[in-house]
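Asker: Sequence:
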Amino acid sequence: MLWLSDEYKLPPAFFNLQQLTVLKLHNCAFRPPETFSGFSRLVKLLFNKVSITAKDFLWLISNCPRLEALALIGDENHLLGCWNSNFVELFERLPLLKHLLMSAYPIKCFATGFMPKKLPTSLVHLKYLHLHRLRFGREVDFLCALSLVASFNVEITEIEMEDNPTEAMSQIAMNLIDHYNSFVILDHLRVIRIRNFTNTKIGMDFVKLILAKSPMLKKVDIYINHQVDINGELKIVKELIRYPRASAKAEIMIKKPTLSV
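Under the UniProt record's numbering, the first residue of the sequence shown is numbered 1, with each subsequent residue one higher.
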């Protein structure tokens with residue numbers, strides 16, 4: 001396992017480390033030489049603010065045949081060039097994936113072009129999905145969240161929001177709830193955690209959809225944004241307890257973050 005920082009440029013010798021099973025890179029540039037043949041033993045990969053092109057990233061994961069856990073965090077300063085790939089292309093290269101974490105910008109990159117209601121690729125091993133810093137007011141974030149949660153055998157989903165309570169909601173994003181409500185069934189979902197939650201209509205409707213369409217659901221943990229006042233918190237609680245649930249065992253826990261002094 002390597003943890004690098006301070007915009008480190010990986011030396012050529014790094015790409016010869018064929019025994020790697022876990023790789024965590026932070027604030028560095030990934031520029032593989034033409035002779036690089038991938039990491040055949042790699043099981044876990046974390047890229048946190050790593051500068052890389054779409055071509056190099058897809059080539060890398062295509063040559064990590066044992067990859068089970070992938071985390072991709074970054075923004076336009078890290079995912080470089082033109083990302084014309086989509087989620088179908090990505091997941092075709094990850095047949096053994098069990099654990100996926102992605103932040104909003106990589107999600108946006110892989111959502112270029114057509115985003116189907118459900119992805120045709122079936123990742124039968126994927127059980128844990130973590131979506132980081134999403135804004136449901138943006139159509140692409142909301143559509144991708146719905147599509148990813150609905151497409152696989154995911155049992156645990158974590159969503160960290162970055163919503164501004166005063167931000168205007170996209171009407172298209174609002175209409176997507178009714179669209180997905182007509183067909184989606186989340187047969188495998190057992191736990192969902194939503195952090196930084198606000199009492200926006202789109203967020204509440206998303207939770208309502210999850211509750212209504214998840215017959216195996218056992219636990220819903222909602223961590224409320226610290227900007228939500230007591231009246232907003234009470235409104236969230238009152239609405240959530242009224243929502244119909246496909247699972248009689250589903251328990252909803254509303255939690256407020258503890259502010260450090």
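Heads up, a few of these hints could be off.
[What the hints assert, rightly or not] DSSO-like, lysine-lysine: derived pairs with alpha carbons at most 27 angstroms apart:
1) K55 x K98
2) K218 x K238
3) K127 x K208
4) K256 x K208
5) K249 x K201
6) K256 x K218
7) K24 x K44
8) K9 x K55
9) K49 x K108
10) K24 x K9
11) K249 x K108
12) K98 x K108
13) K238 x K201
14) K219 x K201
15) K238 x K219
16) K98 x K238
17) K44 x K9
18) K98 x K44
19) K98 x K49
20) K127 x K235
21) K249 x K238
22) K49 x K127
23) K255 x K208
24) K201 x K235
25) K208 x K218
26) K208 x K238
27) K127 x K255
28) K44 x K55
29) K208 x K235
30) K219 x K256
31) K201 x K98
32) K127 x K108
33) K108 x K24
34) K219 x K127
35) K255 x K219
36) K108 x K238
37) K201 x K255
38) K218 x K255
39) K235 x K98
To be clear, the hints were calculated from the coordinates, so they are not data collected in a lab. Nothing here was measured: the structure is a model prediction, and the numbers come from that model.
Asker: Does K218 pair with K238 here, judged by a C-alpha cut-off of 27 angstroms?
Answerer: Status holds; Cα separation ~20 angstroms.
Asker: Checking one constraint from the list: CA of K24 to CA of K9, max 27 angstroms. Satisfied?
Answerer: With Cα atoms ~14 angstroms apart, K24 and K9 stay inside 27 angstroms; holds.
Asker: With the threshold set at 27 angstroms, check whether the alpha-carbon distance from K238 to K201 stays at or below it.
Answerer: holds, 14 angstroms
Asker: Is the hinted pair K127 and K208 satisfied, with a Cα-Cα distance of at most 27 angstroms?
Answerer: Cα-Cα ~22 angstroms, so holds.
Asker: Hinted pair, alpha-carbon criterion (27 angstroms max): K238, K219. Please report holds or violated.
Answerer: holds, 18 angstroms
Asker: Take the C-alpha atoms of K127 and K235, compute the straight-line distance between them, and say whether it is at most 27 angstroms.
Answerer: violated, 32 angstroms
Asker: Decide if the proposed pair is consistent with the structure: K98 and K238, CA atoms, cutoff 27 angstroms inclusive.
Answerer: violated, 35 angstroms
Asker: Does the structure keep K249 and K108 at a Cα separation of 27 angstroms or less?
Answerer: Judged against 27 angstroms, a Cα distance of about 34 angstroms means the pair is violated.
Asker: Taken at face value, is the distance from the CA of K218 to the CA of K208 at most 27 angstroms?
Answerer: Holds, at about 15 angstroms.
Asker: Does the alpha-carbon distance linking K44 and K55 stay inside the 27 angstroms limit?
Answerer: holds, 20 angstroms
Asker: Check the hint pairing K208 with K235 against an upper bound of 27 angstroms on the C-alpha distance.
Answerer: holds, 14 angstroms
Asker: For the pair supplied as a hint, K55 and K98, is the alpha-carbon distance within the 27 angstroms limit?
Answerer: holds, 23 angstroms
In terms of the numbered hints stated before, the structure departs from hints 11, 16, 20, 31, 36, 39, listed from lowest to highest.
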